[in-house]
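Visitor: Produce the complete structure using the sequences and hints provided.
Taken in order, these protein sequences are the chains called A and B. With the working numbering as the guide, the letters of the first sequence map in order to residues 35 to 411. With the working numbering as the guide, the letters of the second sequence map in order to residues 35 to 411.
Treat each hint with caution, since some may be false.
[Unchecked claim] EDC-like, lysine to aspartate or glutamate: derived pairs with alpha carbons at most 20 angstroms apart:
(1) B:K261 x A:E130
(2) A:K69 x B:D347
(3) A:K261 x B:E288
(4) B:K57 x A:E281
(5) B:K57 x A:E130
(6) B:K69 x B:E288
(7) B:K297 x B:D347
(8) A:K261 x B:E123
(9) B:K79 x B:D206
(10) A:K258 x B:E127
(11) B:K258 x A:E123
(12) B:K258 x A:E130
(13) A:K246 x A:E110
(14) B:K285 x B:E68
Hints listed in this document are in silico derivations from the structure and should not be mistaken for laboratory results.
There are 2 protein chains.
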Amino acid sequence: MKIRLYTPGPTPVPPDVLLEMAKPITHHRLPVFEKSFANVNKLLKTLFQTQKDVFTLTSSGTGGMEACVANLLRREDRALVVRGGKFGERWGELCEAYGVKFVPIDIEWGKSVDPRQIEDALKVNKGIRAVFTTHSETSTGALNDIRAIGEVVRRYDCLHVVDAITGIGVHDLKIDAWGIDAAVTGSQKGLMIPPGLAFVSLSDRAWEAVGKSDLPKYYFSFEKARKALSKGQNPFTPALTLIMGLEIALKLIEAEGLDNLFKRHARLAEATRIGVRALGLRLLADHPSNVLTAVRVPEGVDGQALVRYLRNDLGILFAGGQDRLKGKIVRISHIGYIDDFDILVAIAGLERGLKQVGHDVKFGTGLAAAQDYLGSN
Amino acid sequence: MKIRLYTPGPTPVPPDVLLEMAKPITHHRLPVFEKSFANVNKLLKTLFQTQKDVFTLTSSGTGGMEACVANLLRREDRALVVRGGKFGERWGELCEAYGVKFVPIDIEWGKSVDPRQIEDALKVNKGIRAVFTTHSETSTGALNDIRAIGEVVRRYDCLHVVDAITGIGVHDLKIDAWGIDAAVTGSQKGLMIPPGLAFVSLSDRAWEAVGKSDLPKYYFSFEKARKALSKGQNPFTPALTLIMGLEIALKLIEAEGLDNLFKRHARLAEATRIGVRALGLRLLADHPSNVLTAVRVPEGVDGQALVRYLRNDLGILFAGGQDRLKGKIVRISHIGYIDDFDILVAIAGLERGLKQVGHDVKFGTGLAAAQDYLGSN
Numbered sequence: 035m036k037i038r039l040y041t042p043g044p045t046p047v048p049p050d051v052l053l054e055m056a057k058p059i060t061h062h063r064l065p066v067f068e069k070s071f072a073n074v075n076k077l078l079k080t081l082f083q084t085q086k087d088v089f090t091l092t093s094s095g096t097g098g099m100e101a102c103v104a105n106l107l108r109r110e111d112r113a114l115v116v117r118g119g120k121f122g123e124r125w126g127e128l129c130e131a132y133g134v135k136f137v138p139i140d141i142e143w144g145k146s147v148d149p150r151q152i153e154d155a156l157k158v159n160k161g162i163r164a165v166f167t168t169h170s171e172t173s174t175g176a177l178n179d180i181r182a183i184g185e186v187v188r189r190y191d192c193l194h195v196v197d198a199i200t201g202i203g204v205h206d207l208k209i210d211a212w213g214i215d216a217a218v219t220g221s222q223k224g225l226m227i228p229p230g231l232a233f234v235s236l237s238d239r240a241w242e243a244v245g246k247s248d249l250p251k252y253y254f255s256f257e258k259a260r261k262a263l264s265k266g267q268n269p270f271t272p273a274l275t276l277i278m279g280l281e282i283a284l285k286l287i288e289a290e291g292l293d294n295l296f297k298r299h300a301r302l303a304e305a306t307r308i309g310v311r312a313l314g315l316r317l318l319a320d321h322p323s324n325v326l327t328a329v330r331v332p333e334g335v336d337g338q339a340l341v342r343y344l345r346n347d348l349g350i351l352f353a354g355g356q357d358r359l360k361g362k363i364v365r366i367s368h369i370g371y372i373d374d375f376d377i378l379v380a381i382a383g384l385e386r387g388l389k390q391v392g393h394d395v396k397f398g399t400g401l402a403a404a405q406d407y408l409g410s411n
Numbered sequence: 035m036k037i038r039l040y041t042p043g044p045t046p047v048p049p050d051v052l053l054e055m056a057k058p059i060t061h062h063r064l065p066v067f068e069k070s071f072a073n074v075n076k077l078l079k080t081l082f083q084t085q086k087d088v089f090t091l092t093s094s095g096t097g098g099m100e101a102c103v104a105n106l107l108r109r110e111d112r113a114l115v116v117r118g119g120k121f122g123e124r125w126g127e128l129c130e131a132y133g134v135k136f137v138p139i140d141i142e143w144g145k146s147v148d149p150r151q152i153e154d155a156l157k158v159n160k161g162i163r164a165v166f167t168t169h170s171e172t173s174t175g176a177l178n179d180i181r182a183i184g185e186v187v188r189r190y191d192c193l194h195v196v197d198a199i200t201g202i203g204v205h206d207l208k209i210d211a212w213g214i215d216a217a218v219t220g221s222q223k224g225l226m227i228p229p230g231l232a233f234v235s236l237s238d239r240a241w242e243a244v245g246k247s248d249l250p251k252y253y254f255s256f257e258k259a260r261k262a263l264s265k266g267q268n269p270f271t272p273a274l275t276l277i278m279g280l281e282i283a284l285k286l287i288e289a290e291g292l293d294n295l296f297k298r299h300a301r302l303a304e305a306t307r308i309g310v311r312a313l314g315l316r317l318l319a320d321h322p323s324n325v326l327t328a329v330r331v332p333e334g335v336d337g338q339a340l341v342r343y344l345r346n347d348l349g350i351l352f353a354g355g356q357d358r359l360k361g362k363i364v365r366i367s368h369i370g371y372i373d374d375f376d377i378l379v380a381i382a383g384l385e386r387g388l389k390q391v392g393h394d395v396k397f398g399t400g401l402a403a404a405q406d407y408l409g410s411n
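Guide: In structure tokens form, the structure reads like this:
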């Protein structure tokens, strides 16, 4: 059975990346690696739209998030955490793990935060040192307006730290122009390589905070990462086959160009939404992200059974709902190495799955709508 | 130019492992991955000679070491750290990063710790909660007697935590039988896969300590790892291509058998030592490890120039000396996917390199001695 991934990580890996990683292993002190890593660092800056260094960590994206908390805060600092889903909640859990007190802004899952809520919270709670937000909340498919949030945060003496794990390479995110102090992403999303790497950008303001931080860290120390990067290296042996593959993936992104990359994702996401709506289904998110489309499962349909059938019988991997959304949504990701015809397959699978679990579907309805959009735009 | 790795990580990766990792990426919730991961977990237990679970972390080996400090200690605990090289020192640096006070036992680089030194330190310093040791100290090539150290540590109410990053899969290390409370290894050593994973075994006593620990952790939390493993999963998206490759590597180890594995490494290490000595060179370590052979560079020879020539002109990668040993030793690793003829190439390279940097060498002297040993044993 062919396996097709529409999961929010891992995402499909281009064959050229897979083949690069299958080459005899190299060593991180050899020129062949050092040259690739230098190129990776240059191309990551382009992707992050920053002049500053982007740091590569051997960990999942969560490791990158933890690094931000452990390196940017002091024990007595207070933070503001936007929690609109599982990944927003993770920022709160990380603060808790380090004993950092935080003010939560809890958003109904599926909604995006209103920047005025952040402004209100910053006004009322004096001395907040960092605002933790989520670019594209993967558990709900909701997109947050990072630019507008940034304009608010900039008016306070406060860092803006963004979980952009699934958003970077999909939605425009101008790290420098929008004053984002730290942004995190992971390898198995828009970057199209297997899981195992996280990436973090840091502003000058963030570096000032690093100098003052008193929370414990070693493996995730930004100071160690900076010292190593100044010599073109990593502080600890990196997942170097992934970095070699990453260079190939970043070259593909460079060849496509950021504008085209964002347009392609917007187009594929819109086609997905059109197909889904044509089937009479509703989206969970009010402001849906182009990363993934979270579809409300119709009344009476078991979302978990739907996801299971697609996976086990058709080889099509959607994600189900997590925590409070379990069984209530299916999430169709369209990140990275995905094209028009992959979207048609996803909609075709959704039609087949819905019928299988007892929902009334006229085959081809969603498919025709998506095809019409894709063929005409 | 052909590249040949005799570095203490990365080590050569078998082609079947590389090809496994080049397959279209799978998803960590698919049966194909879950089955592999279950098999990996079973085979890791065999390798670690333990009945307990061995946990897989997506990080370098240092991440696994940090996890031990952060999960096993309380802030007010005191530790004992054996520092006989760069990696012993790392245990101390990790304790410092977490504000844990420790008593160091400093050993001359190249020497092994005498278990009586540990006994003396435990007698004098009451209330030591954990002893941190290094199985094979990669910066010096010295082997420590973990079994004998364990017999001492067992007499105190104290955990024995072992950096076995390069030793596991090379030297016999009986985690359960020798009462080792935590042992760490990394993927790019005896396990023959690329860097990106760390592995940690934990005893029941270690788990008791985990329950009492108050140091901050999230990504490296053993509690989270245990909860996920009870469902056959990882707490965060793992470096799954590496895990798929690991299954192949562990099957190779299983097919060879642990006894044969240790014998092969002992034989290859002995051949290396014989070849080196036949060239009139001396080893750094009194009790040399079978992981790598640290060779003292003869008077008047620039060790860094030797390593550079071998790397740049012959494609043979030895490691040089680190920190205080810079330029004074070369380190020839013989870990993992290495056979008789690889050792001959290493000795041949050493002869060529020595001649190149001005040392008097009769070509074939070391080579003949190594060949004689390998051909006769």
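Visitor: Given the hint that K258 (chain A) pairs with E127 (chain B), does the C-alpha gap stay at or below 20 angstroms?
Guide: It holds: about 12 angstroms lies between the C-alpha atoms, which stays within 20 angstroms.
Visitor: Within 20 angstroms, alpha carbon to alpha carbon, are K258 (chain B) and E130 (chain A)?
Guide: 15 angstroms, holds
Visitor: For a C-alpha distance cap of 20 angstroms, please report whether K297 (chain B) and D347 (chain B) respect it.
Guide: 33 angstroms, violated
Visitor: Please verify whether K261 (chain B) and E130 (chain A) have alpha carbons no more than 20 angstroms apart.
Guide: Answer holds: K261 (chain B) to E130 (chain A) is near 19 angstroms, not above 20 angstroms.
Visitor: Run the distance test for K79 (chain B) versus D206 (chain B): straight-line Cα separation, threshold 20 angstroms.
Guide: 14 angstroms, holds
Visitor: Between the alpha carbons of K69 (chain A) and D347 (chain B), is the straight-line distance 20 angstroms or under?
Guide: Holds - the C-alpha atoms of D347 (chain B) and K69 (chain A) are around 18 angstroms apart, at most 20 angstroms.
Visitor: Is it true that the CA of K261 (chain A) sits at most 20 angstroms from the CA of E123 (chain B)?
Guide: 19 angstroms, holds
Visitor: If you draw a straight line from the CA of K285 (chain B) to the CA of E68 (chain B), is it 20 angstroms or shorter?
Guide: 16 angstroms, holds
Visitor: Given the hint that K57 (chain B) pairs with E281 (chain A), test it: the Cα-Cα distance must not exceed 20 angstroms.
Guide: 19 angstroms, holds
Visitor: Against the 20 angstroms threshold, does the CA-CA distance of K69 (chain B) and E288 (chain B) hold or violate the hint?
Guide: 17 angstroms, holds
Visitor: Take the C-alpha atoms of K261 (chain A) and E288 (chain B), compute the straight-line distance between them, and say whether it is at most 20 angstroms.
Guide: 41 angstroms, violated
Visitor: Can you confirm whether the C-alpha distance between K258 (chain B) and E123 (chain A) stays at or below 20 angstroms?
Guide: 16 angstroms, holds
The structure is inconsistent with the numbered hints 3, 5, 7, although it conforms to all the rest.
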